[in-house]
Amino acid sequence: MEAVRLEGLRKRFGSVKALDGLSLAVEAGSIFGFLGPNGAGKTTAIRILTGLARADAGRAWLDGIEVGGDGRTARLLGYCPQDPSFYPWMTAEEMLDHVGRIFGLKTSERRRGVGELLELSGLKESAQRRIGGFSGGMKQRLGIAQALVNRPAILLLDEPVSSLDPFGRKELLDLIEGLRGRCTVFMSTHILADVERVCDTVGIIDRGRLIVQAAKKELLETYAAPVFEVEADRGQEDALRAWAESLSRAPWLDSTAFPEARTVRVLVNDPETAKRELLASAVRAGLVLARFEMIRPTLEDVFLKLVPQGRN
Amino acid sequence: MSWAPAFRKEWLEQRRTYRLLIVAVVLTLFGLLSPLFARYTPEIIRMVAPMGEEIIKLLPPPSAGDAVDQYLKNITQFGVLLALLMTMGTMSLEKDKGTAALMMAKPLSRGEFVLAKFASLSLTFSLGVFLAGAAGYYYTLVLFGPLDPAGWVGLNLLVLVFLLVHVALTLLCSTLTKSQVLAGGMSFGIWMVLSLLGALPRVGDVMPRHIMDWAARLGKGSGMTSLMDLSPLVDGRSGDHWPALAVSAFLIVGSLLASCLIFKRQEL
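As given, the protein sequences belong to chains A and B, one line each in that order.
FYI, in our numbering the residues of the first sequence are -9 to 302.
FYI, in our numbering the residues of the second sequence are -2 to 265.
For reference, chain B alone in the conformation it holds in the complex (with noise of 0.2 Å):
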């Protein structure tokens, strides 16, 4: 069994190559600064637009949900960035430079070799939101008050999901070609697709899209009393969000199927 080597291998990439540190750092920022964009935006009006004490009085008053709001839109399309800037040559640099070839040529199993990747990816990410989603959660105590915890949590989880599936789709398109541009390209193409797919009726339902409003409902804290009690997952539109939650498992799951496959099958 290789993984295990394998995985450490990526794991000191991660670390080695500031993967994880540009990770960090990028998402524990916009954790931070959701909930402050989200307290001040109102006072920025004030200052910066013509009419601004008018147009404030139109708005409400902010809160956590807003917060709440900001720092979804904010980690999600950053984190969509992030998980396509750090996933793009990760397999065809490793093809177009040969060490993939030196490496392959030892008792590693390709699909070890692929899910390495993967797994490593996911732990960078995971700290990532973890530390984005600590971050963000005590601004928001400091500047509105408390959110629920378990809510936040379940957010954050879903936040998870949905940079993962990137991730793994991000992983395929690397599979599939030596140009690290090219797998980018092709993974930008993918995120444009998914996201006008997500805008539409009934199809933007079962859309990974979709599952951010399940997020946002989470954090915003629809019920939920305890983190065993998972009522709020089910709860009101109940199985509104499952569709789009098994497709996002369904994309992962089969794009790390399919690089595992592809990759078999290619001469290196």
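Pulled out of the complex, with its shape left as it was, chain A reads as follows (with noise of 0.2 Å):
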């Protein structure tokens, strides 16, 4: 069954096309992951589907009920936006509670739920503090804390870890990861490896548009060709870099690239060759090597090879 359907939407503001005929279907119970450049339509999207924004043209459908202005959806979902602002003076507490009650739960229910969600949260120790003085990284707990009160079928983040430390950030994937099975997950982000490491299905944007939508391990199989990193030794950094200029009459390279001055990544597409010819063509130029590895393609080289660079 599909829990967020979205068909045909379109949308303008002014002169600027935010969404361009978007088109995308996420099976329920998945951790769907909504990738693009910035600017490519992923929050237009995600208010779309919250009923804060309307499309000018399209449909879009929430458990197979369609999004409307009447709000018979809203029951189904958790939101967190990107920035989720709050009211200053309330506490944490209030203000899960404050949700628990919009969403009619019962006072054990509402007590019960909140400390709970401290607890997932991390928050409980500033439960009674006021929101003003949370920082950045707190807020956007509180924001997911505050999504999941109602125990949401369908959970919609937006950049839900951008504003997060690399500890909460590994909490909020976990947590994210732990409600695999239990409702759909719809997270746009433009953060790769945080998709790669949650997420099953994977669609990507650019324009307003869907490029590709596809399980991960599927997408990760089609479009991304093997990468080869390659380390010279330490005084070989001029040397290492003339043969990687060497190479680019190769008709198997893509591109290279120097994450490091002693390292250089090489992008190809025809691997096999690749394979025979890289090894021998860096023992010809003399260069002397500390690595030499075919490593797993990541997320971010299909995303790279799908969304034209100037966009990014």
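Calculated directly from the structure, the hints in this document are not laboratory data.
Glycine included, C-beta positions come from ideal geometry on N, C-alpha and C.
A couple of the hints might just be wrong.
[Unchecked claim] Computed footprint of chain A on chain B; a stretch qualifies when at least three of its residues, placed anywhere within it, have a C-beta under 8 Å from a C-beta of chain A:
{"#": "1", "region": "0 to 7"}
{"#": "2", "region": "10 to 17"}
{"#": "3", "region": "102 to 110"}
{"#": "4", "region": "158 to 168"}
Could you fit the two chains together into a complex? Lean on the hints.
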């Protein structure tokens, strides 16, 4: 069953086309990574799903119910915006209790739920503090907690880890991973490593259109050609650079990049030929190597391949 | 039905952000000071103004009626200013900061959101006017003698209606924009326009300002004998003030309806 369905969504802001016929479907229970460069239309699509914005054309469904102005889909949803804002005079506990009341939860249910969510979001110690004094990361964690108050069937997260430190990010990703099978998570982000870690399905959009949507594994197999990483010995930096430049004429080469002075990443379009010729070429050039490795392609490689570079 | 939690939050906000305290203190202060001003203005003139003694002889001795006039003038002027200041950010700030978007993604209707704000502001101003009325009544009693209690209650109810007109209009302005400064400016402009229209012959008779004349008559005790006796409301120049009250009610209801409809159409 589809938890989220978008069909031909179009949305303009003046002369800017935010969405240009976006269509996609997300299976219930999956963790969906919604990827795209800045300004691709991710937030606009999510705002339409929440009912906060209206599409100029096209339709959207949540759990088979069409999203409209009647608010029928609001009960199914948990939503955390990119930079969640709260009433600064409220405490974290009061905020979660307020959201529980809006969802019509009973007092006992609210009390239990609020306690659990404060614990889960790591805000138990700050439960009685006013939100006005919270850091960005604490607000983001509270944002996720308030989105879970009603135990939603569909959780919409817009850049959920953007303000978190590495510890907070890990905790949140663990939390999202723990929701697998219990609810559908629709998560927009541009942090590809996070998507790679928790999402099982990925959709990449650019300029308001879906470029590709597939299971993560399938996407990596289909689009990501292997990458070779070559690390030279100390003092070989110039020789490494000269050798990498000499590869530019090879027909099996896509591109080279230098993540560090002594390391070059070689993206290829014909891995078998590259496997044979790359190492031989390095030996011929007299390079002293510290490491030669064919590494697993990442989602970042797929993303960079599918989204034109000028857009990032 | 999410109106109750929405109202609960708004009422908590009125208290936590000191809006209730500010409205109550300012209005009570003017409730207390108005009879004092009425009573001691001649004394002040005598002491401060050149030829004060001569001027005083030209003035009639202060009366309870002067206290009522002073009370109405102060409460309406400062009450309207408070209505503007307390209301101008109520919608615009929520839209600007993003809290409205967070809440509107939940099962809370936009109409409930707007009406909960108006209800909490109404309660704040009701309490403020109640305290100001009690203070004003007590000091008038001490300095001039008793006023007709029923008439005083009627006066304060009309003052409340007048202030709620400005609360509702400012709420509408706040719904129209994301800038609380712009909302405040628009509301101030509307106040000016209504005041100017109120000074015009014929048109002025149906403007909200006109119900203050009615309030003054009630406060000065034009014949009301009990709380249930509404005869002063229709006596003498009977019906003179009803159109102004009807226009005030229309402005309140119309502004709220417009706020709900406009907010419903806005993207957050």
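Exercise. Of the hints stated earlier, which fail here?
Worked result: 4
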